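Chemist: Spelled out from the first residue to the last, the chains are:
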Amino acid sequence: MDLKLLTTLRAQNPIVLNIANFVTVADVANGLNALGASPIMSAEVQEADAMVQIAGTVCINLGTLTELQINQMRVVGKLANQAGKPVVLDPVAVGAIPYRYRVARDLLASLHVDVIRGNAGEIAALAGLDWQAKGIDAGAGHGDLVHIAQTCAQRFDCCVILSGPTDVITDGTRIAQVHNGTPLFQQHVGSGDLLSSLVAAFLATGNDNFEAAQTACLVLAASGELVAQQLTASRPASFAVALIDKLSLVTPAEIETMMKIE
Amino acid sequence: MDLKLLTTLRAQNPIVLNIANFVTVADVANGLNALGASPIMSAEVQEADAMVQIAGTVCINLGTLTELQINQMRVVGKLANQAGKPVVLDPVAVGAIPYRYRVARDLLASLHVDVIRGNAGEIAALAGLDWQAKGIDAGAGHGDLVHIAQTCAQRFDCCVILSGPTDVITDGTRIAQVHNGTPLFQQHVGSGDLLSSLVAAFLATGNDNFEAAQTACLVLAASGELVAQQLTASRPASFAVALIDKLSLVTPAEIETMMKIE
Amino acid sequence: MDLKLLTTLRAQNPIVLNIANFVTVADVANGLNALGASPIMSAEVQEADAMVQIAGTVCINLGTLTELQINQMRVVGKLANQAGKPVVLDPVAVGAIPYRYRVARDLLASLHVDVIRGNAGEIAALAGLDWQAKGIDAGAGHGDLVHIAQTCAQRFDCCVILSGPTDVITDGTRIAQVHNGTPLFQQHVGSGDLLSSLVAAFLATGNDNFEAAQTACLVLAASGELVAQQLTASRPASFAVALIDKLSLVTPAEIETMMKIE
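Protein chains in written order, with numbering that gives the first Met the number 0: chain A, 0 to 261; chain B, 0 to 261; chain C, 0 to 261.
Hints listed in this document are in silico derivations from the structure and should not be mistaken for laboratory results.
These numbers come from a predicted model, not from an experiment.
Hints may contain errors.
Unchecked claim - Taking beta-carbon pairs under 7 Å as the criterion, some of the chain B residues facing chain C (in silico):
id: 1; residue: L2
id: 2; residue: K3
id: 3; residue: V22
id: 4; residue: L64
id: 5; residue: T65
id: 6; residue: A95
id: 7; residue: P97
id: 8; residue: Y98
id: 9; residue: A232
id: 10; residue: P235
All residues carry an ideal CB built from backbone N, CA and C; glycine is no exception.
My request is simple: use the sequences and hints to build the entire structure.
Modeler: Okay, structure coming up:
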């Protein structure tokens with residue numbers, strides 16, 4: 000984990016290309032912008048080439064996929080691979096919907112993905128391990144989260160973030176855990192989508208995906224924790240507004256004093 | 000009306016599948032989540048079967064329909080009928096746009112819909128009665144709102160919610176009216192869409208659609224009224240944030256002391 | 000510039016039809032509603048005719064275009080031209096993505112557009128002048144913004160708004176500049192999209208597009224400036240909420256005391 004990457008990111012203002020979930024796309028765009036990145040969204044495969052050229056990194060989100068969008072994901076992903084631009088995959092609901100699982104497996108077979116970010120139900124499904132996913136939620140399961148994340152990372156030769164109350168980050172060998180956060184993340188739809196796109200922004204800052212992924216998790220989790228301390232009750236929409244504000248204000252020094260990472 | 004359904008809903012955390020309006024989808028997802036339901040959105044007909052299987056209820060919103068989406072609505076609706084899962088229809092702008100009216104009529108001919116939720120202009124159009132709808136707004140008309148709602152309910156053998164300053168709920172025979180609310184609902188785009196999806200969430204809690212529909216109307220209207228009392232001026236965006244917060248905090252006891260229902 | 004147009008707009012409550020960017024569509028709808036207009040969004044070409052009939056004006060946004068949507072834009076634009084309804088074009092990212100530039104040029108060749116609203120990078124690209132656009136952002140360039148806007152306006156025989164820290168408005172001959180505003184507009188994704196749709200709302204109030212365009216720029220810039228004065232730090236999401244609130248509250252008298260326009 001390296002909080003200097005936050006300073007680098009803000010100086011660099013990388014363009015993050017998002018093949019987005021239309022439910023959460025506004026939050027993702029504003030979160031990226033607040034953090035210090037430059038979001039761009041695209042829905043048309045004919046502009047894929049130019050979009051990948053101007054982008055620093057790409058985030059592919061399966062949240063509201065269509066056949067048309069899946070084709071675009073494949074083309075954008077391959078172009079990003081060819082250009083050496085990092086790719087993040089957010090496999091929304093692959094643990095609950097077999098069609099989405101097949102789409103994710105097909106994408107992972109035809110592309111190299113640098114980071115997969117999902118909840119326990121999604122990562123367990125991709126790892127081929129047992130879990131009870133529930134819709135877009137993690138669901139309930141018993142199992143060693145570190146083992147699940149590691150199995151998934153080894154299977155697809157990439158970094159994996161299994162996010163939740165504790166975020167587990169692994170490249171298959173190295174393991175980090177971020178214990179910061181707040182239950183309000185689960186109460187706001189799209190916290191995971193936002194994290195996936197913030198990870199993409201951090202991937203633009205350096206060569207070590209494992210470091211970048213951890214730092215993204217820490218910055219978001221710590222920002223949320225700081226914001227939640229100011230709220231007198233469980234207010235998920237006020238939290239979402241304050242969280243995006245905080246992403247533009249949070250400093251490495253502020254995070255250092257409170258981080259719980261192992 | 001039965002406020003215990005709110006407690007049941009929160010204990011049950013039902014999955015509500017939304018064929019959504021992309022304008023208001025984030026508010027709908029966050030509102031469902033805040034209330035205590037689990038939202039999922041889908042745009043691809045190939046995942047219809049699995050989506051309906053995991054869902055407790057379905058909400059179909061015509062707000063930004065396309066030919067592709069209409070096909071998906073038909074397939075999802077039929078699968079929901081076969082599986083005995085309740086279906087809510089939100090016929091956005093059918094009073095103003097003849098194409099949408101035909102789409103709604105076709106859907107209502109090929110599916111059984113459990114609850115239709117619309118404004119006066121939309122419900123009057125489906126009832127075959129005169130009204131001056133205006134775009135997405137109710138518009139101005141003269142007519143007995145109870146008669147309009149009842150005619151629509153009898154025509155399609157379902158519950159109807161004609162929402163507005165007073166919400167009229169009817170199954171064609173029984174009638175309820177919710178007088179709670181605030182003019183701020185009209186100032187925030189998507190209040191109706193949110194109500195439709197909250198109704199879908201309440202349908203998962205029991206067998207009496209008329210009771211569930213009334214309770215959904217009351218919970219939203221009372222939450223909005225409570226929130227509006229805290230605002231010193233007409234602030235539609237602050238209202239929207241506070242409303243979603245309130246959906247996660249509001250209790251049956253709080254609503255009981257203020258409800259105006261007949 | 001004529002602030003009485005704000006009063007006219009609120010009395011008239013014009014319907015603005017938006018072919019929208021799905022990233023920013025909720026803000027645009029709520030901003031139009033708060034200002035006093037009535038937003039409607041459409042994604043299906045088969046309802047184009049009825050949509051244009053009920054609309055006062057049309058705003059076409061290229062932000063998340065698809066081939067299907069481009070066809071719809073062409074049909075809606077032509078119908079609006081035939082019916083004498085004003086059309087606004089928001090050429091998102093045409094300075095950065097050659098495909099979007101070709102789409103914008105094709106639309107401008109087959110339609111008459113009344114107002115083009117873009118940032119410096121977008122307007123320079125359409126004017127055929129040099130500029131370094133960056134994704135959806137204006138990017139960095141050297142050049143006389145007034146000359147760029149004027150060249151674009153003369154090329155397409157329309158009004159042009161080149162928006163940024165200073166908004167330049169021109170019909171090719173007359174020039175106005177609005178110096179109000181706040182850097183927070185650049186920190187919130189979709190400020191430009193909102194302006195484009197507010198311009199469309201103001202076009203419904205009279206016959207002089209140049210006057211209407213200026214007034215829209217001033218109302219938004221002044222509202223943002225007033226809101227920013229209340230914020231103790233750079234909070235882009237709180238700003239967005241307060242801005243939409245302010246659009247429903249701001250008065251001509253309030254703006255008159257602070258306007259910086261030449």
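Chemist: Does L64 (chain B) pass the interface check with chain C, least Cβ-Cβ distance below 7 Å?
Modeler: Hint holds; L64 (chain B) Cβ to chain C Cβ min 6 Å, cut 7 Å.
Chemist: Y98 (chain B) was flagged as interface toward chain C. Is the shortest Cβ-Cβ separation under 7 Å?
Modeler: holds (4 Å)
Chemist: Holds or violated: the hint that L2 (chain B) contacts chain C, with Cβ atoms closer than 7 Å.
Modeler: Result: violated, 30 Å to nearest chain C Cβ.
Chemist: Can T65 (chain B) be said to touch chain C, with a Cβ gap under 7 Å?
Modeler: holds (5 Å)
Chemist: Please check whether V22 (chain B) passes as an interface residue: C-beta within 7 Å of a C-beta belonging to chain C.
Modeler: holds (5 Å)
Chemist: For the restraint on K3 (chain B), tell me whether the closest CB of chain C is nearer than 7 Å.
Modeler: violated (33 Å)
Chemist: Holds or violated: is there a CB of chain C closer than 7 Å to the CB of A232 (chain B)?
Modeler: holds (6 Å)
Chemist: Just to be careful: measuring from the Cβ of P97 (chain B) to every Cβ in chain C, is the smallest value less than 7 Å?
Modeler: OK, holds: P97 (chain B) within 7 Å of chain C, min 6 Å.
Chemist: Report holds or violated for the interface hint on P235 (chain B), using the least CB-CB distance to chain C and a cut-off of 7 Å.
Modeler: With a minimum Cβ separation of about 5 Å from chain C (threshold 7 Å), the hint on P235 (chain B) holds.
Chemist: Quick check on the hint: A95 (chain B) CB to chain C CB, less than 7 Å?
Modeler: holds (6 Å)
Hints 1, 2 from the earlier list are contradicted by this structure; the remaining hints agree with it.
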